[in-house]
Amino acid sequence: MKPYSLTFQNIQKCYNQRLLFDIPELIIESGKCVLLTGINGSGKSTLLKIVAGLEAPDKANIIQNGKKLDWKSACKKLHKEIIYLHQTPLMFDASVSDNISYGMRKQGFDRNSIREKLNVALQWADLEKIKMNNARQLSGGEKQRVALARAYVLSPNVLLLDESFSNLDTEGRKRTFEQICKLKEEGVGIILTSHELTQTSRLAEHHLNIENGQLLTMQNTNNVEPYPMNNTLPLMQINA
Amino acid sequence: MESISSASFHAINLLFSGDAELWNIIGISFSVSLRAIIFAAPIAMLLAFVMAYHRFVGRRILIYIFNTLLSVPAVVIGLTLYILLSRSGPLGNLKLLFTQDAMIIGQIVLCLPLILIMSHTTFQASDRRIWETARTLGASRAQAMLTVMYEIRFGLLAALIAGFGRIIAEVGCSMMIGGNILNHTRNIPTAIALETSKGTFSQGIALGIVLLLMAMILNLSLSILQGRGQMV
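Residue numbers (this note's numbering), protein chains in the order written: chain A, 1 to 240; chain B, 1 to 232.
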């Protein structure tokens, strides 16, 4: 996978004329994982949706691989290169196979390529036995695996996981965690939001916290490198 | 004047004997109403989708206008179209008055607000994650819209059925701009009105049975669809 970097500068979002957040810089790089935390209503999901191009910011500068983009052209790219996964993934009213191949069909992949990638994904997510089942009838953990397989087949540059570990049992969490690790190893940049810090902080190089509309850098337990952010941002430490 | 029992017996006889005039009226009714639905449905659903999924100036006014149009009586729409389509009217040159095309226009005006408002409610109630998931997986706006429509298809079908129910039994507008011409613009409701005024009930009862049967089928389909929609 080619090295990829995406920078959002001065992201501002207001709701009902109340400033939700004003973030000077957010950088996403291939193969790196950012853990995003914050209390309910702090704007984590909104920020992820802006990064995925699903929600327009009030203000933002977007720089992709060193090239500055306006929101309209960035949106098209973001939809193709970034995949956002909901806390409870939505399953289309179709079989597991059809759900996984949805994105490939819409993006115009050829039939052979779809079949090939689908088989790999079914094996990758261990969904072969239930490939013809209606995806809506699956358990929470199985739905999460389908959602990850649906993203995996499209080889995204960045994966945004919104509370993907909640609503899962221990086994489900373990499997999801393993799958996310595999994606990261393959070079996918990841931003995940979670209230469960023990497991996710092992995965993330950087830990950011949204507080009072500001993005604060948190020192991670296994922080391997400093987050390439504006130095003026306050530094906080968790579990200190 | 026929007794109710003999008129009913005659009506059933007319239906099963394949009376050409009667079945022609039924054919015109269904043909006109189906064509009106085919024209109105895509416009109504597209508008409903835009109104539910996009914020733009005048959106609330548009919803208010369509809600108002829902309760406008058919005769008022008939009268307005009559004025517009009559020879001295602004659209008189089109020579549409007393034609099936005029009836189709009238029925489109009647059913479009109902389909639109019902579809709008369905789109509003739909899970936003459908749109977001489709878009994030690379679907274009049009593809994502079709995905949303497929996922809420039972609600949209219910809107179509309700729209069809509104126009197939409508008499005021069809009578005014169709003219109730035999074998041309006479449909079930206008034929019933005419037969009743003549005091010959058998054909009216036969057509009434067809409408009742259709209402039963439509209601049954609606409840099945609404039930399925809730299950999903």
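Since the hints were made in silico from the structure, they are not lab data. C-beta: ideal position from N, C-alpha, C; glycine also. Wrong hints could be hidden among the right ones.
As the list claims (entries may be wrong) - The calculated label-pair distances, taken between Cβ atoms and stated as ranges, are:
hint	chain 1	residue 1	chain 2	residue 2	range
1	B	Leu220	A	Arg18	32 to 38 Å
2	A	Asp93	B	His184	42 to 48 Å
3	B	Arg59	A	Pro3	40 to 46 Å
4	A	Glu186	B	Leu46	37 to 43 Å
5	B	Val57	A	Pro24	30 to 36 Å
6	A	Asp70	B	Lys95	50 to 56 Å
7	B	Val57	A	Asp93	31 to 37 Å
8	B	Arg59	A	Arg136	28 to 34 Å
9	B	Leu46	A	Asp98	24 to 30 Å
10	A	Lys2	B	Gly58	42 to 48 Å
11	B	Ile65	A	Glu186	41 to 47 Å
12	A	Glu116	B	Leu46	45 to 51 Å
Unchecked claim - One-sided and incomplete, this derived list gives chain B residues near chain A with beta-carbon spacing under 10 Å:
hint	residue
13	Asp19
14	Trp23
15	Asn24
16	Thr121
17	Gln124
18	Ala125
19	Arg129
20	Thr133
21	Ala134
22	Arg135
23	Ala139
24	Gln143
25	Tyr150
26	Arg153
For each hint, the structure was consulted:
1. B:Leu220 x A:Arg18: 32 to 38 Å: violated (49 Å)
2. A:Asp93 x B:His184: 42 to 48 Å: Taking Cβ atoms as reference, A:Asp93 and B:His184 lie about 44 Å apart, which means the hint holds.
3. B:Arg59 x A:Pro3: 40 to 46 Å: holds (43 Å)
4. A:Glu186 x B:Leu46: 37 to 43 Å: holds (40 Å)
5. B:Val57 x A:Pro24: 30 to 36 Å: Between B:Val57 and A:Pro24, where Cβ atoms are some 32 Å apart, the hint holds.
6. A:Asp70 x B:Lys95: 50 to 56 Å: At roughly 52 Å between Cβ atoms, B:Lys95 and A:Asp70 fall inside 50 to 56 Å, so the hint holds.
7. B:Val57 x A:Asp93: 31 to 37 Å: holds (35 Å)
8. B:Arg59 x A:Arg136: 28 to 34 Å: Between B:Arg59 and A:Arg136, where Cβ atoms are some 32 Å apart, the hint holds.
9. B:Leu46 x A:Asp98: 24 to 30 Å: holds (25 Å)
10. A:Lys2 x B:Gly58: 42 to 48 Å: holds (45 Å)
11. B:Ile65 x A:Glu186: 41 to 47 Å: For B:Ile65 and A:Glu186 the Cβ distance comes to about 53 Å; the hint is violated.
12. A:Glu116 x B:Leu46: 45 to 51 Å: Because 36 Å falls outside the window, the suggested range is violated.
13. Asp19: At about 45 Å, which exceeds the 10 Å cut-off, the nearest Cβ of chain A leaves the hint on B:Asp19 violated.
14. Trp23: Check failed: Cβ of B:Trp23 comes no nearer than 39 Å to chain A, outside 10 Å.
15. Asn24: With Cβ-Cβ at 42 Å, over 10 Å, it is violated.
16. Thr121: violated (20 Å)
17. Gln124: Violated, about 17 Å.
18. Ala125: Where the cut-off is 10 Å and the nearest Cβ of chain A is about 15 Å from B:Ala125, the hint is violated.
19. Arg129: The hint holds - B:Arg129 has a Cβ within 10 Å of chain A, the shortest such distance being about 4 Å.
20. Thr133: Holds - the Cβ of B:Thr133 comes within 10 Å of chain A, reaching about 5 Å at its closest.
21. Ala134: holds (7 Å)
22. Arg135: Since chain A brings a Cβ to about 6 Å from B:Arg135, closer than 10 Å, the hint holds.
23. Ala139: Interface hint status for B:Ala139: holds (4 Å vs cutoff 10 Å).
24. Gln143: holds (5 Å)
25. Tyr150: holds (8 Å)
26. Arg153: holds (9 Å)
Hint compliance for this structure: hints 1, 11, 12, 13, 14, 15, 16, 17 and 18 are broken, all remaining hints hold.
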